[in-house]
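Enquirer: As you go down the protein sequences, you meet chains A and B in turn.
Each residue of the first sequence is one higher than the last, beginning at 1 in our numbering.
Each residue of the second sequence is one higher than the last, beginning at 1 in our numbering.
Derived from the structure by calculation, the hints contain no laboratory data.
Glycine included, C-beta positions come from ideal geometry on N, C-alpha and C.
Check the hints yourself; a few may be wrong.
[Said to hold, decoys possible] Label-pair distances were calculated between CB atoms; the ranges are:
hint	chain 1	residue 1	chain 2	residue 2	range
1	B	D202	A	E65	30 to 40 Å
2	B	E24	A	R167	36 to 46 Å
3	A	R6	B	G8	58 to 68 Å
4	B	D165	A	E268	34 to 44 Å
5	B	D93	A	F3	16 to 26 Å
6	A	F3	B	G204	43 to 53 Å
7	B	R292	A	A171	53 to 63 Å
8	A	D134	B	G258	26 to 36 Å
9	A	G12	B	F293	53 to 63 Å
[What the hints assert, rightly or not] Which residues of chain A face chain B? A few of them, derived with a C-beta cut under 7 Å, are:
hint	residue
10	P27
11	D116
12	L119
13	L121
14	E124
15	A136
16	A139
Protein chains: 2
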Amino acid sequence: MTFMQRLGAAAGLIEQRLSELLAECGPEKGERLAAAMQHALLGGGKRFRPFLVVETAALFDVPAEKALDAGAAFECVHCYSLAHDDLPSMDDDEVRRGRPTVHKAFDEWTAILAGDALLTLAFEVIARPQTHRDPAIRAELARLLAHASGGRGMVLGQMLDLAADKRGEPASPTLDHVRRLQALKTGALLAASCEAGAVLGDAGSDHRAAVRRYGEHLGLAFQIADDLLDAEGDAETVGKATGKDSAAGKATLVSLLGIEAARAQLDEAVRGAERELEPFGEKAATLIEAARFTASRGH
Amino acid sequence: MTFMQRLGAAAGLIEQRLSELLAECGPEKGERLAAAMQHALLGGGKRFRPFLVVETAALFDVPAEKALDAGAAFECVHCYSLAHDDLPSMDDDEVRRGRPTVHKAFDEWTAILAGDALLTLAFEVIARPQTHRDPAIRAELARLLAHASGGRGMVLGQMLDLAADKRGEPASPTLDHVRRLQALKTGALLAASCEAGAVLGDAGSDHRAAVRRYGEHLGLAFQIADDLLDAEGDAETVGKATGKDSAAGKATLVSLLGIEAARAQLDEAVRGAERELEPFGEKAATLIEAARFTASRGH
Numbered sequence: 001m002t003f004m005q006r007l008g009a010a011a012g013l014i015e016q017r018l019s020e021l022l023a024e025c026g027p028e029k030g031e032r033l034a035a036a037m038q039h040a041l042l043g044g045g046k047r048f049r050p051f052l053v054v055e056t057a058a059l060f061d062v063p064a065e066k067a068l069d070a071g072a073a074f075e076c077v078h079c080y081s082l083a084h085d086d087l088p089s090m091d092d093d094e095v096r097r098g099r100p101t102v103h104k105a106f107d108e109w110t111a112i113l114a115g116d117a118l119l120t121l122a123f124e125v126i127a128r129p130q131t132h133r134d135p136a137i138r139a140e141l142a143r144l145l146a147h148a149s150g151g152r153g154m155v156l157g158q159m160l161d162l163a164a165d166k167r168g169e170p171a172s173p174t175l176d177h178v179r180r181l182q183a184l185k186t187g188a189l190l191a192a193s194c195e196a197g198a199v200l201g202d203a204g205s206d207h208r209a210a211v212r213r214y215g216e217h218l219g220l221a222f223q224i225a226d227d228l229l230d231a232e233g234d235a236e237t238v239g240k241a242t243g244k245d246s247a248a249g250k251a252t253l254v255s256l257l258g259i260e261a262a263r264a265q266l267d268e269a270v271r272g273a274e275r276e277l278e279p280f281g282e283k284a285a286t287l288i289e290a291a292r293f294t295a296s297r298g299h
Numbered sequence: 001m002t003f004m005q006r007l008g009a010a011a012g013l014i015e016q017r018l019s020e021l022l023a024e025c026g027p028e029k030g031e032r033l034a035a036a037m038q039h040a041l042l043g044g045g046k047r048f049r050p051f052l053v054v055e056t057a058a059l060f061d062v063p064a065e066k067a068l069d070a071g072a073a074f075e076c077v078h079c080y081s082l083a084h085d086d087l088p089s090m091d092d093d094e095v096r097r098g099r100p101t102v103h104k105a106f107d108e109w110t111a112i113l114a115g116d117a118l119l120t121l122a123f124e125v126i127a128r129p130q131t132h133r134d135p136a137i138r139a140e141l142a143r144l145l146a147h148a149s150g151g152r153g154m155v156l157g158q159m160l161d162l163a164a165d166k167r168g169e170p171a172s173p174t175l176d177h178v179r180r181l182q183a184l185k186t187g188a189l190l191a192a193s194c195e196a197g198a199v200l201g202d203a204g205s206d207h208r209a210a211v212r213r214y215g216e217h218l219g220l221a222f223q224i225a226d227d228l229l230d231a232e233g234d235a236e237t238v239g240k241a242t243g244k245d246s247a248a249g250k251a252t253l254v255s256l257l258g259i260e261a262a263r264a265q266l267d268e269a270v271r272g273a274e275r276e277l278e279p280f281g282e283k284a285a286t287l288i289e290a291a292r293f294t295a296s297r298g299h
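Next comes chain A alone, as it looks inside the complex:
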């Protein structure tokens, strides 16, 4: 199987499990809230975060089906964040993955509540005995997910990003500021997805730290590749409007570093990701491909 086929197969499993979890723990089918949550959660997306949970868990011999629910919880958080980011008072986007955003398909208050319910669902799923037989692991997964996605993680990153868009703050963003913003907004949840696999596998602290650092390198590669695509890609390949950030005069890693230096950092991030997984030998092949694939989008 090629990497894309593995990613696609995992996405199929995750999609199925997300649908089941929504039926098991979400509002009843007939409710408007159920329809809005379904719109936000199902029917698209690479499911990259649950893929990372499942693949890092596999490093520690956890079978995919035992990592699926934890992965689904991470995806619920990712999808809630998209529903809220798209809101008129935030990024004000009308289309996502070729479909109307939640507030366009429903309305604003429904989109806010559907996001709230998805965030809450993530923690219900992760805390359920079905997710792992050991409650210490479930509690640690909940703590890890909350820490990565809250006011010291993803939400803070979104806050800094919007402060730049809406308030022009800071007036002259430095490379350090943009790096921190991106590490929070995208990197924190990606790194925690990797770390979650180690938690599921009850890994020692060295191994846990190594897969976390792999996730941090991957997050950086992800972001630089995205910025390069925005600066250089054509809309058809990318599947969404390009040049958006540069047109908005927004500071990105690429605008601050220049394209050549950004590419060099992208390559360095991939080498860093590879290095962290050396102790795992052949078992890490898919995760290494994931890092290379992530970077290849920026070349």
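Given chain A, work out where chain B should sit, using these hints.
Expert: Relative to chain A, chain B alone:
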């Protein structure tokens, strides 16, 4: 100590602990997000949900300081829900507890993100080892809190309430519909706060079910008293505008039952609450006072 003094003393402890938890787990002090979370979380409120967690835990000999963090997590959820409910696309309120609502003091996107971060903080706090030494209890608290506050609980109740306000749905609300809406919107988190005390005390299933039913009776009493206040109270005593629901032509338990029958149900709810706590004898005195106090607001 009178009941009001006990409630006030507990509120002081909770306020202090919320402030510490925000410093320990929230964004750094200088961040705009930290200020908005603080505005939403601190400086007011009866802290009734953490009070219930602490007092039901006391039935099972859990000292107050060992129940405080779990109680604080429930309060974080309550405060996030107020910040989101007040938003322009939801209830569109400008004042809460005599202060500007979060989106008036900051702006809309900040209020949405501060709410998201408070909801996430609730789960970080509840999952931390500091909250209880037994991870099985922490995981169960997280599951309980999520279930009560998500798409089958509080968020669904808010959804049904807004569907009535904004879409006039259903066209002719029945008593059953309004009861269900209120049980979800307010009752679910109150009942779960009581149940959390039993979880903290590692109570048997009979005792746990009894304090949960107490919480359900209390929630109903809370709602009927609120509706009676809205229908009959004068704004000065109530501390907020009255007659709001009846002016809006909104179906409430009181508008559907009539004032006399609503009072009878209120008394019945208090008797139900008292009955559930009989097995706990003298230990339950404060919780019984809480039910009577809740109801007294409607008389």
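Enquirer: Which hint numbers does the structure go against, in order from smallest to largest?
Expert: Of the numbered hints given earlier, those the structure breaks are 2, 4, 5 and 8, listed in rising order.
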